[in-house]
Amino acid sequence: MQTTAVNTIAPAPTPARAANPDELLDIEGLKTYFATANGLVKAVDGVSLQIRQARTLGVVGESGSGKSITALSVMRLIERPGRIVAGQVRFAGQDILKLKDDDMREIRGNQISMIFQEPMTSLNPVFTCGDQIAEAVLRHRGGSKKAAMLRAVDMLSQVGIPDPKRRAKQYPHELSGGMRQRVMIAMALSTNPELLIADEPTTALDVTIQAQILELMKALREQNRMAIMLITHDLGVVAEMSDDVTVMYAGKVVEATDALTLFDTPHNPYTKGLLASIPRLGEHRERLEVIKGVVPNPLNLPSGCLFKRRCPYAMPICDVAPPLRQIGENHVSRCWLTPDGGKPEIGEAPLKAEAEASSASLTVEAR
Amino acid sequence: MTTEGIRLGQPGISLPVGTPTGEVDEVDLVPVQTYWQLVRRRFLQNRLAVIAFVLMIVLVVASIAFPILGGNLWFTTSLTHGPTDPVSLAAPLGYDNDGINIFFRLMRGLQTSLSIGFFAVLIIAGIGTAVGSVAGYAGGRIDNLLMRLVDIVLSLPGLFLVLMFVAFLGSGSALVIIFAIGLTGWTTAARLVRAEFLRLRESDFVQAAKALGASDSRIVIRHMIPSALAPVVVASTLGIADAVVTEAALSFLGLGLLPPEASLGNMLTHAQDYFYRQPLWIYYPGIMLILVVLAASFLGDGLRDALDPRQRIEA
Amino acid sequence: MGKGTGRQLASYTIRRLIQAIPIVIGISVISFAIVYLTPGNFVDKFRTGRVSEATIQNLIHVYGLDQPLPVQFWKWFTNFWTFPVNNLAWGFSFTDGQPVRDLIFARIPATLLLMGTSLLVTIVLAIPIGIMQAVKQYSWADKIITTLETIGYAMPTFWLGLILKQLFSVQLKLFPLYGMQTLGKHGDIPDILAHLVLPVTTLAVIQVAGWSRYMRASMLEVMRQDFIRTARSKGLASSQVIRKHALRNALIPIVTLLGLTIPSLLSGAAITETVFSWPGLGYLGVTSVIERDYPVVLAVVMIGGVMVILGNLLADIAYAVVDPRIHY
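As given, the protein sequences belong to chains A, B and C, one line each in that order. Just so you know, the first sequence maps onto residues 9 to 375 in my numbering. Just so you know, the second sequence maps onto residues 616 to 930 in my numbering. Just so you know, the third sequence maps onto residues 15 to 342 in my numbering.
These are calculated hints, taken from the structure and not from any lab test. Please note that a few of the clues may not be correct.
Unchecked claim - Pair ranges (Cβ atoms, derived): (1) Leu134/C with Leu663/B: 44 to 54 Å; (2) Ala47/C with Pro841/B: 47 to 57 Å; (3) Pro707/B with Ile304/C: 28 to 38 Å; (4) Val848/B with His181/A: 18 to 28 Å; (5) Ile902/B with Ser25/C: 52 to 62 Å; (6) Lys154/A with Trp154/C: 18 to 28 Å; (7) Gly111/C with Tyr889/B: 30 to 40 Å; (8) Gln86/C with Ala810/B: 58 to 68 Å; (9) Leu895/B with Pro204/C: 30 to 40 Å; (10) Ala823/B with Leu134/C: 53 to 63 Å; (11) Thr160/C with Ile672/B: 17 to 27 Å; (12) Gln231/A with Ala251/C: 46 to 56 Å; (13) Lys226/A with Gln33/C: 34 to 44 Å.
Unchecked claim - Residues from chain A shown here face chain C by an in silico Cβ test under 10 Å; the list is partial: (14) Asp110; (15) Arg116; (16) Gln125.
Unchecked claim - Listed next, the stretches of chain B that the computed footprint assigns to chain C, with coverage defined by at least 3 CB atoms under 8 Å from CB atoms of chain C: (17) 769 to 783; (18) 823 to 831; (19) 883 to 890.
Virtual Cβ for every residue (Gly too), placed ideally from N, Cα, C.
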């Protein structure tokens with residue numbers, strides 16, 4: 009029995025698992041591909057993740073990992089040449105990928121709102137901030153223009169903008185980056201969404217402003233009881249904000265668990281690499297560790313594990329793509345390493361056929 | 616038990632963890648492309664630009680080959696031929712009222728127009744590069760002065776300037792036409808070169824050359840002009856279209872080359888006299904003009920897109 | 015602080031006008047130089063043997079041609095700007111002896127009519143076409159229109175004019191061949207409109223080709239911006255996103271185009287006017303160059319230059335007014 013403990017892998021839960029009533033967003037097997045002139049880019053390739061009511065999920069990865077495209081897919085804001093080719097996105101129980109465009113627009117900006125990375129360019133330069141917030145209110149709440157404008161001013165004060173009446177009449181270029189991101193947040197929250205998707209909300213901002221915006225988001229999260237899908241490349245932000253974490257690499261989920269587990273006992277070498285590259289206060293290191301190499305060219309992905317060329321643990325078995333495996337309670341990882349992080353006991357040069365057979369029986373992807 | 620889990624490999628034999636394998640695989644062997652390879656690739660990917668390039672070559676070759684093949688045919692009048700002659704292989708477009716073979720005259724006209732366009736653009740590129748590079752490199756007061764000059768020339772109605780040059784310095788001379796177009800049309804090229812110079816002046820490689828003690832003239836001639844040439848090439852290619860049309864407009868206004876010389880412009884003017892009886896004649900030089908303009912514009916656009924390194928293919 | 019007040023706008027305008035003065039002097043010097051430095055002078059045409067040398071010398075003296083060039087320039091330049099009160103400010107035409115100012119003022123209504131109409135037609139057609147193309151990018155309609163625009167843009171004006179004349183006047187006899195009015199039908203509006211059709215079409219075809227391409231590019235550029243995604247993320251319908259968020263931004267550069275086109279309202283389209291013998295300023299300019307009527311040429315070139323400068327100024331001011339990001 010001891011060998012089995014090491015060598016066996018618990019099977020993934022069946023995909024048809026009963027929907028958790030607590031679950032607000034349930035993405036399953038999402039594939040979003042881009043048909044570029046140079047070939048098909050599988051920007052999001054079979055991503056599954058869940059967000060519970062009023063909880064915050066951090067989605068982490070380097071640029072190009074597909075995390076933003078996942079978010080845009082949820083909003084159904086993917087534009088040519090991109091297309092959602094497979095998967096389900098269940099929001100409050102219904103698959104919003106199946107909704108008609110008109111019905112989706114009722115959800116977009118209303119039940120699901122989004123804020124973007126670049127506060128400098130995400131606001132329309134020719135309309136005042138107040139106008140742009142009021143527009144969202146008018147769209148989903150109706151009422152008079154004046155009422156919408158009052159709501160806008162109210163939102164501006166809620167996001168901590170001093171003198172909101174005056175600010176509402178200003179154009180975006182008259183505000184600082186941090187202020188503009190506050191306006192974006194005010195706009196997104198003006199309709200009381202159940203889910204806020206924040207795509208790198210603090211990346212473009214100064215460090216001190218970053219902290220302020222995160223504090224603001226935390227406060228508003230408590231106040232509105234909303235769930236957040238927080239997309240970031242910054243594990244520090246994740247530690248600050250998230251209940252759960254999903255790590256993405258090259259369009260796939262490579263590790264998912266709750267935040268504590270992830271920081272305490274990361275399993276995937278990629279996650280470990282990300283964690284090792286965070287500088288810690290009071291710690292003296294000769295040099296910061298970085299993950300060597302770059303994200304593979306999405307037009308020319310390596311065979312097998314997509315991370316193998318950058319991975320310090322790379323083994324022959326890695327020529328076979330590892331499935332997402334359950335390695336602990338509520339903890340999955342896409343790596344051949346054993347759940348406790350040891351080397352799997354495999355042959356010196358595993359017969360390719362044998363390894364492929366192993367992975368074939370593991371096609372069921374775990375959450 | 617096997618339904619619960621999967622056995623991997625043979626138990627007992629294991630690899631030391633921490634040996635990266637497959638560090639070099641086929642993915643890394645994508646060759647690094649030089650700037651010019653990228654330019655060529657980008658250009659060849661642009662279907663319109665390639666078509667324009669081929670069209671331009673066809674036009675140039677035809678304008679050289681047919682006048683040689685035809686010898687004197689382009690101005691040889693004949694009493695035995697006329698507009699009523701059926702078209703034949705020897706005269707695909709028939710004969711005009713003086714019995715001149717229209718096709719060969721058209722090819723000769725194309726040659727004249729292309730040559731005028733080419734030499735005018737040469738002057739434009741020369742003056743534009745000189746003014747632009749001096750302004751961009753010197754900066755300060757000289758730059759200011761030269762750019763005001765550019766503003767002044769740009770403010771003057773261009774066609775009237777050319778008209779005045781030609782009318783007052785002698786109409787009917789190809790040389791005067793070339794200089795008139797060249798002397799009035801250099802402003803855009805100058806602005807482009809200046810902008811490129813301003814960018815290059817701050818660039819690392821020029822700073823490095825300066826740090827190494829290279830002289831101003833050496834830096835400009837060896838380092839900056841070659842880099843600033845791309846916009847000049849683009850502007851010149853686009854400029855050919857303008858020059859050819861300006862020549863035609865001059866002819867149309869009676870200030871261009873006069874028969875027996877042939878240019879697309881004066882053939883058009885000539886055709887105008889046969890508006891009623893020979894309605895097709897006006898189309899031959901007109902379509903030639905449009906082909907030249909289209910070829911030059913798309914070639915220029917294609918070159919600009921291909922030469923612009925800021926347009927790296929994004930994955 | 016916000017947007018500039020009327021006073022700020024006024025001071026900006028005055029500042030720009032002052033900056034334009036050296037340019038105006040520059041174009042004056044160049045135009046004057048081209049005319050006066052050409053070999054020979056206009057008195058030469060009297061040297062036919064029938065006019066005595068003494069008379070010619072007298073003429074040279076009367077016209078001040080024996081004075082140093084800078085003096086001549088100064089006299090001409092200072093006199094030039096008295097035109098609002100002095101009908102001799104621009105001198106006399108050599109060909110018919112009339113005051114140049116009156117000659118030119120008489121041509122302005124015809125040019126305004128032609129250029130204004132064609133500009134109106136251009137705007138009304140080009141902007142919707144460009145928007146439609148951008149919204150339906152890659153569609154067949156977009157491809158076909160783009161091709162037509164390219165050909166329209168590549169067509170030399172005079173050739174297009176000739177073709178239209180040949181097709182619609184000579185062969186179909188739908189519209190008059192040239193001029194603005196039929197003899198003996200002065201002030202007859204349907205007659206003027208009939209004369210207007212072909213020249214306006216000529217100008218409009220070429221301008222619409224250019225403007226709609228520009229509008230399409232501007233619209234496509236705007237639709238790539240982040241704030242369009244923001245607008246869509248609010249749940250707005252694409253039609254609303256286009257009408258409100260995209261269009262408002264895409265029209266800003268068009269304002270510049272308008273400013274650059276305004277000068278032609280007065281200086282006219284020389285080629286088109288010549289093709290159709292339209293009695294406007296452009297046609298006057300061309301005929302004067304050919305007849306070497308220097309005072310008229312000088313006045314036309316100066317008007318053209320000053321209009322370009324004013325057009326640029328107008329474009330900048332309009333830009334600053336419509337784009338909240340620009341401070342003046």
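Status of the hints after comparison with the structure:
A hinted range of 44 to 54 Å for the beta carbons of Leu134/C and Leu663/B is inconsistent with their spacing of about 32 Å. Between Ala47/C and Pro841/B the C-beta distance comes to about 35 Å, which lies outside the given range of 47 to 57 Å. Hint check: Pro707/B to Ile304/C, Cβ distance near 35 Å, so the stated range 28 to 38 Å holds. The hinted range of 18 to 28 Å is not satisfied by Val848/B and His181/A, whose Cβ atoms lie roughly 37 Å apart.
Against the hinted window of 52 to 62 Å, the Cβ-Cβ separation of Ile902/B and Ser25/C comes to about 54 Å, which satisfies the hint. The given range of 18 to 28 Å is broken by Lys154/A and Trp154/C, whose C-beta atoms sit roughly 45 Å from each other. The hinted range of 30 to 40 Å is satisfied by Gly111/C and Tyr889/B, whose Cβ atoms lie roughly 37 Å apart. For Gln86/C paired with Ala810/B, a C-beta distance near 38 Å fails the hint of 58 to 68 Å.
Between Leu895/B and Pro204/C, the C-beta spacing of about 33 Å keeps the proposed range 30 to 40 Å intact. The hinted range of 53 to 63 Å is satisfied by Ala823/B and Leu134/C, whose Cβ atoms lie roughly 56 Å apart. Evaluation of the 17 to 27 Å hint for Thr160/C and Ile672/B yields a pass: the beta carbon distance comes to about 24 Å. Between Gln231/A and Ala251/C the beta carbons are some 30 Å apart, a value that contradicts the proposed interval 46 to 56 Å.
Under the hint 34 to 44 Å, the C-beta atoms of Lys226/A and Gln33/C, about 53 Å apart, miss the expected range. Because the beta carbon of Asp110/A sits about 8 Å from the nearest beta carbon in chain C, less than 10 Å, this interface hint is met. Restraint check, Arg116/A versus chain C: the minimum CB separation of about 4 Å is within 10 Å; hint holds. Given hint, Gln125/A at the interface with chain C, holds; its Cβ is 8 Å from that chain's nearest Cβ, closer than 10 Å.
Look at the stretch 769 to 783 of chain B against chain C: 12 of its residues bring a Cβ nearer than 8 Å to a Cβ of that chain, three or more, so the hint holds. Check on the stretch 823 to 831 of chain B: 0 of its residues sit with their Cβ under 8 Å from a Cβ of chain C, so the three-residue criterion for coverage is violated. Closer than 8 Å: that is the beta-carbon criterion, and the stretch 883 to 890 of chain B has 3 residues meeting it against chain C, so the requirement of 3 holds.
Hints 1, 2, 4, 6, 8, 12, 13 and 18 from the list above are not met by this structure, while the remaining hints are.
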